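When you get a sec, could you build the whole thing from the sequences and use the hints?
These protein sequence lines are chains A and B, in that order.
Position 12, counted from 1, in the first sequence is what the working numbering calls 12; the numbers after and before it change by one each time, with no gaps.
Quick note, the working numbering runs 1000 ahead of the 1-based positions in the second sequence.
Treat the hints as calculated values from the structure; they're not laboratory data.
Hints may be right or wrong, so weigh each one.
Said to hold, decoys possible - No farther apart than 20 Å at their CA atoms in a straight line, the calculated lysine to any residue pairs in the SDA-like style are these:
1) B:Lys-1258 <-> B:Met-1230
2) B:Lys-1377 <-> A:Lys-181
3) B:Lys-1386 <-> A:Leu-33
4) B:Lys-1377 <-> A:Ile-390
5) B:Lys-1386 <-> A:Asp-2
6) B:Lys-1013 <-> A:Asp-2
7) A:Lys-287 <-> B:Thr-1357
8) B:Lys-1386 <-> A:Glu-277
9) B:Lys-1264 <-> A:Ile-390
10) A:Lys-287 <-> B:Lys-1386
11) B:Lys-1258 <-> A:Gln-393
12) A:Lys-287 <-> B:Lys-1377
13) B:Lys-1386 <-> A:Tyr-363
14) B:Lys-1377 <-> A:Arg-284
15) A:Lys-287 <-> B:Ala-1371
16) B:Lys-1386 <-> A:Ala-83
17) A:Lys-53 <-> A:Arg-13
18) B:Lys-1264 <-> B:Phe-1276
19) B:Lys-1377 <-> A:Glu-277
20) A:Lys-255 <-> B:Ala-1382
21) A:Lys-287 <-> B:Ala-1382
22) A:Lys-287 <-> B:Phe-1276
23) A:Lys-255 <-> B:Lys-1377
24) A:Lys-181 <-> A:Lys-255
25) B:Lys-1386 <-> A:Met-394
26) B:Lys-1386 <-> A:Ser-266
27) B:Lys-1386 <-> A:Asp-283
28) B:Lys-1377 <-> A:Leu-280
29) B:Lys-1258 <-> A:Met-394
30) B:Lys-1386 <-> A:Glu-332
31) B:Lys-1013 <-> A:Met-1
32) B:Lys-1386 <-> A:Phe-281
33) A:Lys-287 <-> B:Asn-1365
34) A:Lys-287 <-> B:Gln-1380
35) A:Lys-287 <-> B:Ile-1361
To be verified - Here are some chain A residues the structure puts well away from chain B; computed CB gaps all over 12 Å:
36) Pro-71
37) Ser-119
38) Tyr-371
Predicted model only: the values in this text are computed from it and were never measured.
For every residue, glycine included, the Cβ atom is placed at its ideal position computed from N, Cα and C.
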Amino acid sequence: MDLNYSQEENAFRSEVREFIRAKLPGDLSRKVLEHKRLGKEDYVRWQKILFEKGWLAPGWPVEHGGIAWTPIQRFIFEDEAAAAGAPRLTPFGLHMVGPVIIAFGSEQQKKHYLPRILSSEDWWCQGYSEPGSGSDLASLKTRAERIGDKYIVNGQKTWNTHGQFADMCFCLVRTSTEGKKQDGISFLLIDMHSPGITVRPIITLDGEHEVNEIWFENVEVPAQNLVGQENRGWTYAKFLLSHERTGIAGVGASKRELNYLKHIASQEQEGGRPLIEDPLFRDRIAKVEIDLMALEITCLRVASADRDGKAPGPEASILKIKGTEIQQELTELMMDAVGPFALPYLPMAWGDHWIGERPGPDYAAPLASRYFNYRKTTIYGGSNEIQRNIIAQMVLGL
Amino acid sequence: MDFSLTEEQTMLKDSVSRFLEKNFSFEQRRKMLADRQPMSAQLWQGLAELGVLGVPFAPEDGGFGGGGVETMLVMDSIGRSLALEPYLATVVLAGGCIALGGNEAHKQALLPSIIDGSLLLAFAHAEGNARFDLGYVETRATREGNHFVLDGAKTLVLHGSVADKFIVSARTAGSAADPRGVTLFIVNADEENLVGQEYPLFEGTRALDLQFAGVKVGPESVIGTLDQAMPLIEAVADRAMAALCAEAVGVMDALHAKTVEYLKTRQQFGQPIGRFQALQHRAVDMLVQVEQARSMALLAASKVDSADVAERRRSIAAAKEMIGRAGRFVGQQAIQLHGGMGMTDELDVSHYFKRLTAIDILFGNAAEQRARFAGMKEGQPAAHMKSPRKSWVKI
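Quick look at the structure:
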């Protein structure tokens, strides 16, 4: 047992750090570090840099453009990228539909879609939740009717992240109403430019447009866009959820945000002294920092188990719960740190080219909105309550 | 980065846990507590024969040559079994003082007897006014020729009543809170002018208060450098905290497993209570805390002998904080989910809960550890509490 990184792992970290230092554009990392709004072009810009280096999809098999990094190396890469302020990778193509196509897709699907994910030519989104099917996802009603060599899709999806940018959508649709509800679901790849698709923005409590409703009205989808077998989509959806187990904790990004929190707390003054010198506030920071230290080791335990080919232990299942709780705690502390200057709502100030005056320090402007926005983390990706149901059943046998 | 155990470590873990399972039961524990028995001579001898008492000592001193990980494996098993043996007092604390600070004569005279089980030691350091401050020592050692005369009082000497000798901290210079001027002495339990009063802690461990009224010891009894014992005491306390973290993980594992088992068997409203979602989620939240605690116990075990003292102390404080916080949650919820049965002395659940509570308090509870971690004790934020970036570039 050795909780220090090996010489090879440290050398790898240096290589990653050097690459990011050289290639990550400063204006881009500043946006991330200072919580500015990121657009599609920002994400694509960084993904193209990684693609050029061949580092975009380390989790994929080498023959499809992946790299044979160990889970620990992937953890190190994510850690370094997050610390430097690299934008997060959009997960829908790289971490979600990509692995599903690799595992269950046809040769033609692999040949067509995988290179376009890597080159950022296609922006993917996810068509899972429906107004009546949230945590009970398998009750979904969006229908796909097979007519000749096409499916005709009708229905409504919601909470669709970045659908306004998307070229493609991987969608769970009902192809049968017989038997168990899980057994009538299929996994379809739908061109978002197809006639009959309407994308309607949902404005969230922070005033942002991140998620959408999508309406499908007699949308024609070629039958060759079915992944795997008809009515087996639930299996593929579960496979997708089990992928990328350590990334979901967001340890690297939380470490970066913790540093930013300390930066803010050392700038903010309270009674003529920096807030970081207030024992009560420092106590709150210490608590979340220790939680994060523990989560980082828990993540590395999961990564090592993956490397050693061991079956995932119970620790894998806690990553989402604890990781999102820590993310939320950090946004809450940052908002608390700036006191009254969390109040002014000036969303234009988070944009690229704002040069106007605003009340309070620069870093204060986006903090309340981040706090509001991050309430999503314990809801999305299977709410934390659903995660607890899963652990109770699968791990504890209750 | 490697979390696997060597073959030797796996054997150690298996042999200790098998031995304790076979030779110590909860019924024996309850009987020992009722009889006010601080330890079992038979069990201790068995541990000696297994080689467990030599785990942290160097091979040249007759030991196993183990480090933080080996001690972790032993303490984890002790935690699961709820054994009352003086492993922390004799092997980790007093043994640690001798191994880290003693000269060759001390080592040769004492370590083989610790390892073969014939010598029991206790660490007499805590004092009534010190609270959790390791550096607060009022007990004085006054020079008399080349001898020292000890006057003062020590409290909470774990397993003190069975000890043949004490490792005693006393002030040879400076005032009570001065980090310099503390010296460690070896004192025989049967010295004249040394009296004590024994009492149980709330979970059954027996402890001793000591009064030194002019106890005279020779120059050979000084461990380490005169006036310079604090770094040694801190190193040994860190070993003790890492050991307690490991013990707590053993306790929490056992307590969580018992609670889940209870949820599956206890019937109410015509079904096992584990069918109720509110209770399922509580059991999952306990698991989250246990796994986070396990991660920090691993960190403590791997950093406890780190050459970087600041990193060692920061890691140990963080680990002990997590353990204290997780231990409270897991213990409280285990009682709650066991309902009335959790409140009884006859069920081991309450014993595990009380042991977790004691572990939190020993060597500083979670709030104290957070204060150490964040530099509250020094007044100024610890170095890592300040952002590594001096300034953030503006657009």
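Going down the list of hints, with the structure as the test:
1. Pair hint Lys-1258 of chain B plus Met-1230 of chain B does not hold up; C-alpha atoms about 41 Å apart against a cutoff of 20 Å.
2. Only pairs whose Cα atoms come within 20 Å are accepted, and Lys-1377 of chain B paired with Lys-181 of chain A is rejected, the gap being roughly 59 Å.
3. This hinted pair checks out: Lys-1386 of chain B and Leu-33 of chain A have alpha carbons roughly 17 Å apart, not beyond 20 Å.
4. Taking the CA atoms of Lys-1377 of chain B and Ile-390 of chain A, the gap is near 42 Å; set against the 20 Å cutoff, the hint is violated.
5. Between Lys-1386 of chain B and Asp-2 of chain A the alpha-carbon distance is near 28 Å, which puts this suggested pair outside the 20 Å criterion.
6. The suggested pairing of Lys-1013 of chain B with Asp-2 of chain A holds, with an alpha-carbon distance near 17 Å, which does not exceed 20 Å.
7. For the given pair, Lys-287 of chain A sits about 19 Å from Thr-1357 of chain B by alpha-carbon distance, which is consistent with the 20 Å threshold.
8. Only pairs whose Cα atoms come within 20 Å are accepted, and Lys-1386 of chain B paired with Glu-277 of chain A is accepted, the gap being roughly 10 Å.
9. With a C-alpha separation of about 16 Å, the suggested pairing of Lys-1264 of chain B with Ile-390 of chain A holds against the 20 Å cut-off.
10. Distance check on the hinted pair: Lys-287 of chain A and Lys-1386 of chain B sit about 15 Å apart at the alpha-carbon level, within 20 Å; holds.
11. Taking the CA atoms of Lys-1258 of chain B and Gln-393 of chain A, the gap is near 17 Å; set against the 20 Å cutoff, the hint holds.
12. With a C-alpha separation of about 16 Å, the suggested pairing of Lys-287 of chain A with Lys-1377 of chain B holds against the 20 Å cut-off.
13. For the hint linking Lys-1386 of chain B to Tyr-363 of chain A, the alpha-carbon distance of about 17 Å falls within 20 Å, and the restraint holds.
14. At most 20 Å may separate the alpha-carbon atoms for a hinted pair to count; Lys-1377 of chain B and Arg-284 of chain A meet this at roughly 15 Å.
15. Between Lys-287 of chain A and Ala-1371 of chain B the CA atoms are separated by roughly 10 Å; this keeps the pair inside 20 Å, and the hint holds.
16. At most 20 Å may separate the alpha-carbon atoms for a hinted pair to count; Lys-1386 of chain B and Ala-83 of chain A meet this at roughly 16 Å.
17. Distance check on the hinted pair: Lys-53 of chain A and Arg-13 of chain A sit about 16 Å apart at the alpha-carbon level, within 20 Å; holds.
18. With a CA separation close to 11 Å, the supplied pair Lys-1264 of chain B and Phe-1276 of chain B stays within the 20 Å bound.
19. Between Lys-1377 of chain B and Glu-277 of chain A the CA atoms are separated by roughly 12 Å; this keeps the pair inside 20 Å, and the hint holds.
20. Between Lys-255 of chain A and Ala-1382 of chain B the alpha-carbon distance is near 17 Å, which keeps this suggested pair within the 20 Å criterion.
21. The suggested pairing of Lys-287 of chain A with Ala-1382 of chain B holds, with an alpha-carbon distance near 14 Å, which does not exceed 20 Å.
22. Our distance criterion of 20 Å between C-alpha atoms is broken by Lys-287 of chain A and Phe-1276 of chain B, whose separation comes to about 31 Å.
23. Among the hinted pairs, Lys-255 of chain A with Lys-1377 of chain B is inconsistent with the structure: their alpha-carbon atoms are about 24 Å apart, more than 20 Å.
24. A hinted pair counts as satisfied when its Cα atoms are at most 20 Å apart, and Lys-181 of chain A with Lys-255 of chain A does not qualify at roughly 41 Å.
25. For the proposed pair Lys-1386 of chain B and Met-394 of chain A, the alpha carbon gap of about 42 Å is over 20 Å, so the pair is violated.
26. The hinted pair formed by Lys-1386 of chain B and Ser-266 of chain A meets the criterion: a straight-line CA distance of about 7 Å does not exceed 20 Å.
27. At most 20 Å may separate the alpha-carbon atoms for a hinted pair to count; Lys-1386 of chain B and Asp-283 of chain A meet this at roughly 14 Å.
28. This hinted pair checks out: Lys-1377 of chain B and Leu-280 of chain A have alpha carbons roughly 13 Å apart, not beyond 20 Å.
29. In summary, the hint linking Lys-1258 of chain B to Met-394 of chain A is supported, as the alpha carbons are separated by about 17 Å, within the 20 Å threshold.
30. For the suggested pair Lys-1386 of chain B and Glu-332 of chain A, the alpha carbons sit about 19 Å apart, so the restraint of at most 20 Å is met.
31. Taking the CA atoms of Lys-1013 of chain B and Met-1 of chain A, the gap is about 14 Å. The hint holds against a cut of 20 Å.
32. A distance of roughly 13 Å separates the Cα atoms of Lys-1386 of chain B and Phe-281 of chain A; the hinted pair therefore holds under the 20 Å criterion.
33. A C-alpha spacing of about 13 Å is found between Lys-287 of chain A and Asn-1365 of chain B, which places the hinted pair at or below 20 Å, so the restraint holds.
34. Restraint check for Lys-287 of chain A and Gln-1380 of chain B: the C-alpha separation of about 17 Å stays at or below 20 Å, so the hint holds.
35. For the proposed pair Lys-287 of chain A and Ile-1361 of chain B, the alpha carbon gap of about 17 Å is at most 20 Å, so the pair holds.
36. Look at Pro-71 of chain A: its CB is around 10 Å from the nearest CB on chain B, not clear of 12 Å, so calling it non-interface is violated.
37. The Cβ of Ser-119 of chain A sits about 30 Å from the closest Cβ of chain B, beyond the 12 Å cut-off, so the non-interface label holds.
38. With a least CB separation of 20 Å from chain B, Tyr-371 of chain A remains clear of the 12 Å interface cut-off, as annotated.
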